[in-house]
Amino acid sequence: MDIQQHAREIGLGLDLFSCIQCGKCTGGCPVSMTTVLNVRSLVYGALIGDIAGPIHEEALWDCTCCFTCVERCPKDVRPAEVIIALRSLLVEEGKVPSTIGNALMGIFRQGNPLGYAREDRIAWMDGLEVKSAQEGCETLLFTCCSSAYDIRAQAATKALVRVLQAAGVDLGHLGTEETCCGNEVRRVGEMGLFEMLVEEGKPLLEEVGVARMVTTSPHCMNTFRHEYQLGMDVLHYTQALARLLEEGRLNMTGRVEKVVTYHDPCFLGKQNGIFDEPREVLKAIPGVKFVEMDRIRDRSLCCEGGGGRMWFEGTNTEGRLAFQRVQEAADTGAEILAVACPFCMAMLDDAVKVKGLSERLRVMDIAELVAMAL
Amino acid sequence: MSDNGFEPKIVAFLCNWCTYTGADLAGTSRIQYPPNVRIIRLMCTGSVDPTYVLKALLDGADGVLVGGCHPGDCHYQSGNYKARRRIIALKEILKQAGLEEDRVWLRWISASEGQRFADTVSQMTQYLKEKGPNPMKKEWAV
Amino acid sequence: MKPRIGVYICHCGTNVAATVDVEAVTEFAATLPGVVIARHYTYMCSEPGQALIKEDARTLGLNRVVVASCSPRMHEPTFRAASHEGGVNPYQVEMANIREQCSWVHPDRHEATDKAKALVYAAVMKAAHLEPLEEREAPVTPGALVIGGGVAGLVAALDIADAGFPVHLVERSDRLGGRVAELNRTFPDLEPVAEWLPALVDQVRRHPNITVYLNSRVTDITGFVGNFEARVGPIEAGLAPAQIQVGAIVIATGYNVFDPRLKPEFGYGIYPQVVTTLELEQRLSSGDLTVNGKTPKEVVFIKCVGSRDQQLGRPYCSRVCCMISAKQAQLVRQALPDARVTVFYMDVRTFGKRGEEFYDEARRAGVRYRRGNVSEIYRRGERVVVRVEDTLLARTVEHEADLVVLAVGMEPRPEAADIAALLKLPRSADGFLLEAHPKLRPVDTAVDGVFLAGCCQGPKDIPDTVAQAKAAAASALIPLMRGVVPMEAATAVVDPELCAGCGMCVEICPYSAPALDPLWGVSRVNAVLCKGCGACAVTCPSKAIRLQHFTPDQILAQVEALVGW
Amino acid sequence: MRARIPVENQDMLAALRGFLQRLLETEVVEAVLVPMETPSGAVTPALVADPALLDAADPLAPVLGLNAARAVGPVTIREPRGRIAAVLRPCEYRALIELVKLQQTSLEDLVTVVVDCPGTYTVPDYQKMRANGGVDRSALLAGMRTGDLASQAGYAFRDACQICENFAAVAGDVRIEFFGADLSEGIPVVLADELAGRLGLEAAPEDGRRAEAVDRITRSRIQARDAVFAEMRGRLEKEGVEGVFAACVRCHNCMTACPICYCKTCLFKSPVMEHEPIQYMAWARRKGAYRLPADTMLFHLTRLNHMVLSCIGCGLCTDACPADLPVGRVFRTVGQQLQAVFEYVPGRSVEEPLPLITFREDEWLEMGEER
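Protein chains in written order, with the numbering used here: chain Z, 1 to 374; chain E, 1001 to 1142; chain D, 2001 to 2565; chain X, 3001 to 3371.
Hints may contain errors.
As the list claims (entries may be wrong) - Chain E regions said to be covered by chain X (calculated; three or more residues, Cβ under 8 Å):
| # | region |
| --- | --- |
| 1 | 1046-1056 |
| 2 | 1060-1073 |
| 3 | 1083-1093 |
| 4 | 1097-1104 |
| 5 | 1127-1141 |
Stated by the list, open to error - Per label pair, the in silico range of CB-to-CB distance:
| # | chain 1 | residue 1 | chain 2 | residue 2 | range |
| --- | --- | --- | --- | --- | --- |
| 6 | D | A2237 | E | G1072 | 37 to 43 Å |
| 7 | X | E3370 | D | V2036 | 41 to 47 Å |
| 8 | E | W1140 | X | K3238 | 25 to 31 Å |
| 9 | Z | N316 | D | G2366 | 34 to 40 Å |
It should be emphasised that the hints constitute simulated quantities derived from the structure, not laboratory data. We put the beta carbon where it would ideally sit given N, CA and C, even for glycine.
Extracted from the complex, chain Z is given alone in its bound form:
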């Protein structure tokens, strides 16, 4: 197969020669126990230019791009990039799972993976006054496609806008010009589309001329920070809320008398080191009793929503990590599992229903909890 021919190029291009095959990558890979994907083997295959043994094409799509393998590698190798490079080859050959293909098409045509109409991107604003960023604002709010279109996520988006406005933030939004950030596009290996999104998105964002952008999703924040080279401060909304708290601008007069635990999103925590701000915000909500799960921060468990997995079930639909995760949350005695990412919201909300935990546990966005306390 073609992948075999390209393996050597991948090995050279990603400078895999530091790899000592210690297995730390695969040992930490959240899906390595449920699928045949073994990232260490792939690195080895790419390194020696013989990938025929370890490759299992469909399993390549199991990777959630949580980057635990990258964060843990003692030799500064970036194992996940091998998977992305191999996906890229599959994309070029058109060997993409149909659901992922549809998502990419939706982004290409309508600027969102759900394929909804571009005009409907601001439907969530119904009942809110949000300024057009193009007319000038202090802070640009960037809504993830999920935050804009997904009904459950929309509620969190609305709550966030109410909270930010209550704190006096001069907020603007790109309106229907807002387009998918492409974080997952790059990670499923569609490099051409990703480059196009950057080429079109970067001038749009920069022309607004704001010093600060706040994203609803850690995924958008990640690509804007590391792959767009924007001349602005890109914050996740939990960071923005923590700052507002510190400046005394966020006043919560209500109470949320609940036991709350928190799930670290991989793109916020492991990949960008933002562990404390979400916790600070939750602990500041009057009435909240905050409890921790065992696997948190650097050792958090992935929800399996990243890296294109929002659009692809995976080769093992039984042993979902989200099922484990909601059980762990329920075991802490928490009534609310707080999240800070629309993908985590979708995956965990679903898992609560499947595991029959709806009576005991609710999945809520941090912004929703703060809004309840306004």
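With chain Z held as given, fit chains E, D and X onto it using these hints.
Below, chains E, D and X without anything else, positioned relative to chain Z:
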């Protein structure tokens, strides 16, 4: 090219630990280069007095090569950094005083860079051949 | 004295003579000012060649010798010695490099001969200006300073003291013995530390030549090989510091163990089941291996914690963890015969004497070695789960354990940086103190008279530490036993009549060799500190300070010869 | 603090003398180094310990025969010494700062009194002016007020003064400011609060016209300076330094007059530069002819190399040259370029290290690495 059989004279001030040894290596490796360069061994480029360079130029040397250890490699910790400033100052003075600063070359050449030493001498010889003789060679009133 | 110069052109077999017309060069040399005799010979470095120089020097009354042959980096010492035997000052010998920088690189006979003449001309001109120099010596203060009271410091101090010299041993903590005192038994013999360390400490404490300073640190060091002055300050404030004079210094400041909190994936500090190898030593000493009141059934060792890790800036192997793990795994097997003991490793490096055998013994004792670098630890009930890919199975496993031991690596002590700053000692990128040469001078440092022992130079086990301590002691004894240290002859000197006291030479010298005399306001060079780089001489506009053997008149004479020829 | 030195009867000189006398009487200092008029009418620096003799002090005499920074050196260089005040022009103060870095003088126990300078005349011109009706000081003071400075009819300011853009007192323990000052309420002075207290001076508001006057003169001086630089560069390019200095008689007067040239014995007067008789023959044969004394251009180029970075532009070298060579102009022209390369301003601050005894590892990284 204005060769005309003109053979430039290059005086080289080389540090003992790097470039002089590099020149020795060019020798033991039998790497040929033009005989136009004549070497004066000093312990360190930090001891190359600009007055020596001026003297050579005013006497009529067609070129002066100062060779030392690469930055960070000085046997005496920092002699090459000091030399760098002095040569920069000297070249600026030469330029301002209407003398030809491009006759003075500073090069970092390590003990293992025999080839680089030979290449440098070849380049400099060729450059000076094209540039022509130092006018000071005939100037008696200096 | 009017120059009487002998010039000797070497054929170097055919190396020079095949390309350079040695006879023509010799004839030319004979015409140069001051030249009394010019000869050429097949091999000047041979016995008869050297005899020629000696003989001429005596019979013709030579006071300068010029040898045109190979690079001075090759045979300058040879010809200096030969000339000296003939009564010529060794510093009035000059060489013209007509082999490496002439015959070997310029094939044209005419060109090579012409250049050889120029080089000989310049050498003769310089020789005429050369001054006689004296190789002098400075007396040495008998005594050594040993910094650090661990095994390395103890052994080094004992050896120097046994050789009859006073030793000042400075230790930060309130006891001697260092890290080894925290250990239970040592590999590969499983000998209890208690059987030999207290005796070593006692020997040091009772030694009449050793003064021990506990709770103390070195706050200042000045001087140079043979004559260092150090200030030893008590860490507790209020006590008076001691000022001590020594001829040599041994640094034995040891190491710190890696703090595994910097690898958060292991949950160290969160789970009581997770301990370090150093903590297990203490548990083995006390005999209490229980966790949460229960005897462990599953014990896991994790290797390379804080070693071989680029992310943490600790790319090096700590060299002892594989043996420590093998040792502790065996001891755990002995203590808990019912427990399963598993070691997760990236590579097993049990090198050295009895190393591989010790690894064999560990496996034969029932220790299971599984290849895989543990990625994560989390809780499951009363146990913890070690999540790791067994790379030989290519399968990720969740290995439940009651006790997890992290084989933590070594890292430089922060105090070593202070000592390095005091003495201007270089450190390698990993922060350990740097030896002068990795092969030939492994216990020396860039500063003469300062030596390294033990883990301050890099991770090592006890036998290597002791070997290095004994080597450092022996090296430190060289200046102490000689009683004198040689001084560079070609140092800078100041003409006080010319010196205006501007202090620029003081500013520019990296070795603090020149200093302004407070009484006379002129610069003076401490010849022992001067390394002869000559940076000072360039700085001085009136050339009141000059580097001997490379003086302006000597170099300008060379310039004139080379341009003039 | 800003204060005013009281003036009576419009007599500025008397006011300044009074100020200096106050320094002595209040025991701020034990002596004052100040330009004094000798009984025969010459002006020279002198160290004055007797307040009564300060009646001959003339800090406003527009003449510069030597750079007083050189005179400060011997009286401050080491302990024991007296506490003194030194009255200096800005160029003298800058030379002093350079000499501090070269450890030829010390700021310890020294009160520097820096006076705004309208420009000075050479010693011969000044003597001639005195003999022919005197120097019109009120015209100079008026010019300093308005920024409309002109030299006296029939005379020109010294060559260096005509292109001097650093004529205003901007540093020193005491700054005496004439530029832009209307002087009716006294002479503006800037000094430390503590010193003002000891001298009994009270705070006074700023005039506000100083910047305007200084700016005006600066602009015209820079214009003149740049014209000189352009002309000098043209000459150096065309004739080379050997052409510009062709008429040098090797008297070394430039070196003697230079306040920065601090060597006890110049390298070019030392045995290093003595040659064997046959060496001269070799040169003469090689070039056909050989200029004597030898090494004349080497002398000038080496002097440039040794001290052009510290050249503060007082121009005394030019005045000292018997062959009327534009020594100062060459030094200033070359100096401007070189000082810019090292971002060095001579005389600005003792904190700025001399460029050639310091270095940074991360500078000129491409230098020497050419392939």
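Hint by hint, here is what the structure shows:
{"no.": "1", "hint": "1046-1056", "in the structure": "holds (count 4)"}
{"no.": "2", "hint": "1060-1073", "in the structure": "holds (count 5)"}
{"no.": "3", "hint": "1083-1093", "in the structure": "holds (count 9)"}
{"no.": "4", "hint": "1097-1104", "in the structure": "holds (count 3)"}
{"no.": "5", "hint": "1127-1141", "in the structure": "holds (count 5)"}
{"no.": "6", "hint": "A2237(D) / G1072(E): 37 to 43 Å", "in the structure": "40 Å, holds"}
{"no.": "7", "hint": "E3370(X) / V2036(D): 41 to 47 Å", "in the structure": "45 Å, holds"}
{"no.": "8", "hint": "W1140(E) / K3238(X): 25 to 31 Å", "in the structure": "19 Å, violated"}
{"no.": "9", "hint": "N316(Z) / G2366(D): 34 to 40 Å", "in the structure": "36 Å, holds"}
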